[in-house]
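*Asks:* Residue-level listing of the chains:
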Amino acid sequence: MSAIAMTDIGETRRIAARRRDRLISVGSPIGLLVAWELAAQLHFIDVRFFPAPSSIVRALVITAETGELLDNLAISLERLVFGFLLGGVPALVLGIVMGISRPIRAFVDPLISATYPIPKSSILPLILLIFGLGEMSKVVMVAIGVFYPIAINATAGVLQINKVYLDVGKSFKAGRWETFRTIALPGALPFIMTGVKLGAGLGLILIAIAEMVGAKSGIGYMIWSAWETFSVERMYVGLFVIAIIGFVMTLGLNELERWLIPWKAET
Amino acid sequence: MAHPVEGGNLTRGGAAVKIRIRNLHKHFGGLNAIEDVSIDIAEGTFFVIVGPSGCGKTTLLRILGGLEQVTAGTVDLAASARGRPQFSMVFQGDSIFPWMTVWDNAAYGLKMRGAPRAEIDATVGQWLERTGLTRFAKLYPHQLSGGMRQRVSLARAFANDPEILLMDEPFSALDEQNKTILQQELLRIWEADKKTVVFITHSVDEAVTLGDRIMVMTASPGRTKTLLDVPFERPRNVLELRHDPRYGEIVYGIWGQLKDEVERARV
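If you read the protein sequences in the order shown, they are chains A and B. Quick note, the first sequence lines up with residues 211 to 477 if you use the working numbering. Quick note, the second sequence lines up with residues 12 to 278 if you use the working numbering.
If you are wondering where the hints come from, they were derived from the structure by calculation, not from laboratory data. Where hints are given, some of them may not hold.
Said to hold, decoys possible - 30 angstroms max Cα-Cα, derived DSSO-like pairs, lysine-lysine:
| hint | chain 1 | residue 1 | chain 2 | residue 2 |
| --- | --- | --- | --- | --- |
| 1 | A | 373 | A | 474 |
| 2 | B | 270 | B | 236 |
| 3 | B | 270 | A | 407 |
| 4 | B | 149 | A | 474 |
Okay, chain A solo, but in the shape it has when bound (with noise of 0.2 angstroms):
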């Protein structure tokens, strides 16, 4: 009895302790938002480089009701999800095929160790000259953020995969596809997934700025027009449409990771 009301007090305590966390979460940014309102009504900063919330607001209400907001925010999204799956996929099968075999790990290891450090913004003026104005240049750009991260960690996964899980798979006969479905994939999947999380930062940085440079919409092409008119307000639309995506996609791919992985031990 008394050891199952000790449990049942631990756990009222760690469901109390989550929600307070949670509460925080959610405090920091809107207590940020009430003092810099509070700053810009007071002047205590510049309004022309950091306007009131409230202008901001006003701002992103007028560009939703004119539709540049909306229109500008799915092709940035499309482009987003299309990057993702032709970077993400070839780097997931590459990745864990580089950790099952030492050959081929040997072979690719030392192109991406070489490429991987060039900062991927750097070669956005050649990604442009081979793949032109069009939708495909902003595709591939948010492809090649997420190809590596995702590359990377799939083969540390596969790695780290404790060798009596592959003794077992040989003992019970499974051949090179079931090896791979049943032990190489799931045993490497929570690092895959921090890939998939590091990537998806990546490619959303990536995605503004060659939007900015060449392209004629979308969520960069509204920041950077907003700068050559000088309409600091629709600016910060931007900026915060940016935030936001982010923080969805962050929110989504956790809880994908918990649909994925149900075998990681709740922390």
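With chain A fixed as given, assemble chain B onto it according to the hints.
*Replies:* Coordinates of chain B only, in the frame set by chain A:
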């Protein structure tokens, strides 16, 4: 009384030889792990190999399970009946897949050999029942105790319905109470259809409790020191066995054989 058996090729009651090992040598680089081991293991025998740590007993089992190659000599496992696998292995420590539920872990062997869905359902259900895991079928390994996880490991090997079971110190990581309980359960499920078993252990008590025949191995390089028969009838009761005056005698006799080897291994 323990009856040391002369030579290595006597079989009990004229049963067919299931495993034949001839002049087996295994070197790892310069290290001589196994030297000139020759044994016949009769069908339906619970064969236990006991020896000091590092004597090559696990290596011997891994050779039987196809996870290591011989340096010299031959290992023959009798051909299995149609559709049944030759052997299944139970590994030391945690070897069940953390990313599969208890049910999926137990079904692994059957799935890998492409058994029909209905057969998998029936067989796995039956083995979970026999190992007392039915209630835990949907749980993941991290939600189970060490003893429970080792039961899943047994269920996975037995459900595959092999002709030979290869077990590598399956209970060595368990506490004394769990070990006793699992030894009894192993005997109970094994005695139902008496598959040929090769069981590795460093525990003399475990060897005498479980085995029909015991091979004592020398310290590195591993050789056959003694082969002896255990006279206890089946079915056995793990606890009552310890009351039998012969039990202490046999354990004492094996310890006498093993003592020199353990000391040699420490030098």
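*Asks:* Going through the numbered hints above, which ones does this structure break? Give me the numbers in ascending order.
*Replies:* 3
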